[in-house]
Amino acid sequence: MSDNYEPSSAIGKWFDKRLPLLTLFAGHVLPYPTPKNLNYWWTFGGILTFCLVTQIVTGLVLAMHYVADAEQAFTSVEHIMRDVNFGWMLRYIHANGASMMFMAVYIHMARSLFYGSYKEPRELIWIIGVFIFLLMIATAFMGYVLPWGQMSFWAATVITNLFSAIPLVGESITNWLWGGYSVGSPLLTRFFTLHYLMPFLIFALVILHVWALHVPGNNNPEGIDVVQGSQDTVPFHPHYVVKDGLALVVFLVIFAGFVFFVPNLLGHTDNYIQANPLQTPEHIVPEWYFLPFYAILRAVPDKLGGVILMVSSIAILAFLPWLDTSKVRSAKYRPLYKQFFWLFIADVILLGYLGAQSADGLFLIISRIATAYYFIHFLVLMPLLGFVEKTKPLPKSISEPVLSKEEREAQVAGST
Amino acid sequence: MSEDKTVTRRNFLYITTGSFFAAGSAAVVWPFVHQMNPDASVKALASTEVDLTPILPGQSITVLWRGKPVFIRRRTSEEIAEAKKVSLTELPDPEVDEDRVKNPEWLIMVGICTHLGCIPLGQKGEYNGWFCPCHGSHYDTSGRIRKGPAPKNLEIPQYVFLDDNTVKIG
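From first to last, the protein sequence lines stand for chains R and Z.
In the working numbering, each residue's number is its place in the first sequence (first place is 1) plus 72.
In the working numbering, each residue's number is its place in the second sequence (first place is 1) plus 16.
Some clues are possibly wrong.
[Stated by the list, open to error] Short derived list, chain R residues pointing at chain Z, Cβ under 10 Å:
| hint | residue |
| --- | --- |
| 1 | M136 |
| 2 | V139 |
| 3 | H151 |
| 4 | R154 |
| 5 | D374 |
Don't read these hints as lab results, they were simulated from the structure.
All residues carry an ideal CB built from backbone N, CA and C; glycine is no exception.
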């Protein structure tokens, strides 16, 4: 590991003595000990890093052609699509890249929920992750406003108006956000500035996220601690570099499928109509990755209440390490939680579906039930399960579940 | 195999993987580089048509072509004679006046000093042509460099006379 690492070349030695970058790299990437039983659900961390870099690089080149001004924003995006060399491709990568990144982050979070990766001693990794998720939401929303189409404009109007729900100072805050009395150029310019800044904040948090991860090391599908320096771990390189690489290639095939075959599938046609402050489109929907939260917002018949509940639905994640009272990490050994986990996933997907429907009649009733269940899952089921659930016996080592019967007996015989 | 270095299956896999990775990376990098090249809207503006009727002998105008100034000068007969009599040995960048004009009366050239890109001032300098105020380059009545740090004559753009009074630059 990093303790006894020494660069092989003379220049490397000279450099590393003055700035131990090579040691840092060697300690955290190459021979970093990783549990040998990580499955493909663990590859999404690497995929997300790739997504972030892709968004930063494509965003950087788009910013070279984009004009953040209410009069010119829409035409400058059309200019990118029609005139700029490969502009259509760069923009489609960036727009679909946001969707792909959310797809990956939801899988990454679901993995953590299933295998209990947020539990002691990994609470901080999870909490930093929640902050990354929050920043991703803000970044994606602001990015969606930039093309200044009808959906951009009205999304900006609706979301900034959420702040008007705050008692007393609400209106002053919205006017401050807008830099005026309605959504317009000042808001667009500041959203562009922040949209450019936030990915770098996310990047900084990602470094903290990985740093915090490398203190206790990876969780694993069995949810039990690995014995450091034992046969439980393998070096990150080449084992997980190759595994992550393969997963990334498959992910890229899907990504490319969206970009080159159905680039507008996940978008909304109304956003190809220039923003018109005098007319709201008939049906306002956010991007698919915000739909569950949008459904929660609309489920509440009170302006302030809806905003509070929507914000809480994300904030509550940060408290999960303490809401979950079970000592067993992996849902593999928690028969009850395993079922509730899938029920929760189904509930979120249902909320996503409801978020895209009109908010009345039966849809509204179901939204309220689904919203209630979302919070019941965290506030009632998670604390309760720790006390009532009879968990399955944990394996002695991460190797045990994959050993044959003979091997297992041999191991027991060896240990006695 | 009896050779010193045997080629294994693994060598083959490494080399093919590496090659595909390199080719793929290059294909990905190219759009990111090419997006900075002149785009379709810029290329669409690549030619400029100019009406020459209002220009009298001894007058010149400057028009914008591809964002650059282009000098169009209707030369006097003295200027033409002066440009023609210069011997090539006196020139740092030898070029006869006939090669620099399509019609001796009309001198059309990019008005950017070949030294570091400033715009030379007309009918100034020691050769009665152009003089660049930035670093003191002198051009003659044919726009050829005569004295100073500039290495080349003023550039002649592509142009055609559409009729007697209209020229299309680019």
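**Asked** Hint by hint, which ones does this structure get wrong, listed from lowest number up?
**Response** Numbers 2, 5, in rising order.
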